[in-house]
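Q: The primary structure of each chain is shown beneath.
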Amino acid sequence: MGKDLYDSVVSKIALITPMFAKAIVDMGLEKLGANPYEVTPSQMRIIINEEVLPKLKKFIRNDETLETIGGGKISFDSNGKIISLNTSAKKFLLLKGKDLSDDNKIYQVLDEMGLKEIVDSVLNQEQEVTVKEVELEESKVRLNVIAGSLKDNQNKILGATLFIQDITLKSAIELEVDQVYKRIESQNKELLIAKNQITVAKEFSDNIINSMIDSLIIVNPEGIIEKVNKATLNLLGYREDEIIGKHIEIVFRVTQKEEKSDFLLFASSLLGKEKIKELNINRFINNFEINYFSKIGDIIPMMLSISVIKGNNGNIVLMAKDMSEIKHAEQEIQQNYDIQYVLNTLLKLQVENVSLNKILEKTLDSILDIPWLSFESKGAIFITEEPSILVMKAQKNVGEPICLACSKINFGKCLCGLAALKKEIQFTDCLDERHTTRYENMVKHGHYCVPITFMDKVLGVINIYIKAGSSRNVEAERFLNSIANVLASIINRKYMEQEKEKLQAQFLQIEKMAAVGQLAGGVAHEINNPMGVILGFAQSVVKNIKEGDLLYMPLKSIEREAVRCKNLINDLLVFSRKEKSKVELVNINIVIDGTISLIEAQAKLKKVEIIKKYSEGLPMIMVNSNQIQQVIVNLCNNAMDAMPKGGEIKISSNIEIDNRYINYIIIRISDTGEGIPNEIKSKIFEPYFTTKEVGKGTGLGLSLSYEIIQKHNGTIEVESPAFASATTPLADNKATEGKEIGKGTTFIIKLPVGVDNYEN
Amino acid sequence: MKTKAKILVIDDEQGIRDLFKFLLEPLGYQVFAACDGLEGIEMVKKSEFDIIFLDVHMPKMQGPEVLKIIKEMKPTHVVIIFSSSSDPNHLFESKAKELGAYTCIYKPMDVNEILDIINKALENPH
Ligand SMILES: Nc1ncnc2c1ncn2[C@@H]1O[C@H](COP(=O)(O)OP(=O)(O)OP(=O)(O)O)[C@@H](O)[C@H]1O
Ligand SMILES: [Mg+2]
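Going down the list, the protein sequences come from chains A and R.
For the first sequence, the residue numbers in this note's numbering are 3 to 762.
For the second sequence, the residue numbers in this note's numbering are 53 to 178.
Same shape as in the complex, but just chain A (with noise of 0.2 angstroms):
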């Protein structure tokens, strides 16, 4: 090692000028360049020869510059008597405090330090040179002395001399030194290891770091981010060079307001005043949700924890855990209670049995309600009705100018016609070109609109908005779907109910109408003899009587009400069911034609327009015609009894085939009367129900047309739209404005073709 080098040589040379010893060798040192701990043996050559011996040699030369350095110096003859002694030599001698009058004294002196004999053994030729260190116990003063002979040139000992050096301080340098040597180098040692450790530490902190899953980010007290470890650069997206050296602010997407950047300034902006003053006095703040932004500007929710490292650079550590996978768990949760919360009420609703129209109002009420499907608080559902319409029956903030474009849109028209015709879900975040329904001051949107299917048929869509220019999103298409698919069997089962609700009113009303046919035929058959009786006498009497006559008009009266009871008894027949009828295979057009003239005569007297609107081609029918004529005389019956002011009846024929593929003939009957009010509705066809002043109405007529129409297998119908459901929000505006004059009522009788299924 350098230093032991250095030191020994040092300590050599010191022998002779300890003074300069250590100057010599290290000018020696400097000229090469070189310094103590590093010098090798090859240089200390160097430096010897070339610099200390050099010096050396003048120092020894002259003897003078030894004396003045404080060396003491005694000289002996062959013998090894004293010759001579100099005053730096007595000095020493003196410090052993002997007296040194004469040389056996000093004789005494040399000897009780041990130099006698070293003076001897280079007398004795013993040695060419001794060397001794004598410590002075009492003055604690340390001696170097040297013993050298002197010799002639045939090298025969000519005497001898004494060196005396004091060392005390070099011996106490040396020993600082050495001290201090030995200091530094334990320290250098710890250092070292210390150095080690801290690369150590270093790197396995950096292999930590980066291998870390978290975001680590460094920023200095001015919020200048220093490091930044692996998982920062791939949550942000940012090159390690792109990010080192901007301020933090670019991970927040906020603008520091201050023009002093400032970490805690910016973070108190940004994270409240309270957890910054946290943070001042725990030098950490935990676990808070804040958001990163990434490059290109992705939102990343962040769990963040900050802490202050301790140090006067007072950096600060910035760790923050991704949260979006968590984010986005806890919103599939959140999503999925949403949905199973909708669907859950939805059924309820359903079991507890309210109208349809109610529970559609309170789905669209429940969607727009789901804060985290961002949709405008605004959408209609949409039913289906024959043959292939959507009407609007539940709306929520759509305004008027929509519930008059939309209240009915045919298959096909815009975005929810597509919907239902296609069965896909539209999707628009523009008014495109599929979005057909344009109206005046229409602001810019975009629609969900979403096909209730079941079992492949559309039974209604689903129509939600959006802001114009929203994207597409997968939650939201599926929460609306499993939404439509619950909508899609409650409207199933409601329609279920429906049509059992129908058939049980049907069958009741059968076992009505054979009640009252039993009764009838029994009474009838009684009922006419007299009645024959009554009619025959009252009008061969009338026959003979003349119009001025007293008991003319009594007569006619008795004449005219035995043939209402006559007509009645007839209608009442229709009900037995014993009676046979007549089938045939007619063209329903000409039956109606048939009927038509049978009628034309008094409905020109009301006042009455009778249009005609027959479908060519008909298929022929199997029915009893004299039956299907007076349901129709019925039906134009009422209509003009419903139409005091005149008005219009029309007559048409269609055919229509079913999902069965039956074929149905359709005869609708309209007229443009006052319309039958929703509570009568379902009354109408029970016997003898009429609304009509006594004598005028028996309430037999649709009773009996309806027994007729069922015993052809065939339905009536009726259609009040002034009196239609109020529950499209349309209609409710018409229910208030009041009857709409001219809707009146339909009656719409289905016959089936080609099945010969007369009751017989």
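Worth double-checking, as some hints may not be accurate.
[Said to hold, decoys possible] The following label-pair restraints were derived from C-beta to C-beta distances: (1) R:K56 - A:T693: 51 to 59 angstroms; (2) R:K56 - A:D595: 41 to 49 angstroms; (3) R:K149 - A:D595: 26 to 34 angstroms; (4) A:I547 - R:K56: 23 to 31 angstroms.
Hints are computed from structural coordinates only; laboratory data are not their basis.
Here the structure is a predicted model, which means the values were calculated and not measured.
Idealized CB from N, CA, C, for every residue including glycine.
Using the hints provided, position chain R with the ligands relative to the given structure of chain A.
A: Using the frame of chain A, we list chain R with the ligands on its own:
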């Protein structure tokens, strides 16, 4: 047109028999009445009638049977009286005609209808 035409009414209903007499006698017809099928058949055996009105629904012997017997004896015009309750859709009408009935009327009948039938029948004597 025969003026003093002879008309027979076979009906178990007193009122109907009286009605025919009341209606037709003032018009110059000779009206005879029988209150059941057997009595009617007896009367047809004894004398000639231009038109016979025969109720289909009677005790002792039913109308179609009476019609058959009468038709075997005389070619008289027989008008069958149905009750609208027993044949509301006039299904028996053709059957009756097959058996030789001239035509059918339905209770409760319109007197004008009776008069029409008599007029027409007398125009085409058997
Ligand atoms: N076209 C119609 N417009 C308005 N109300 C009608 C119409 N048709 C039937 N109604 C109502 O239905 C009731 C029942 O009709 P229905 O034909 O059975 O009996 P009616 O007409 O009162 O008596 P009837 O036909 O026996 O003379 C009527 O009293 C009337 O209130
Ligand atoms: Mg009526």
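Q: Does each hint hold? Answer for all of them.
A: Tested hints:
Between R:K56 and A:T693 the Cβ separation comes to about 55 angstroms, which falls inside the hinted range of 51 to 59 angstroms. Roughly 46 angstroms separates the CB atoms of R:K56 and A:D595, a value that falls within the hinted 41 to 49 angstroms. Between R:K149 and A:D595 the Cβ separation comes to about 28 angstroms, which falls inside the hinted range of 26 to 34 angstroms. For the pair A:I547 and R:K56, the beta carbons lie near 25 angstroms from each other, so the given range of 23 to 31 angstroms is met.
The earlier numbered hints are all upheld by this structure, with none contradicted.
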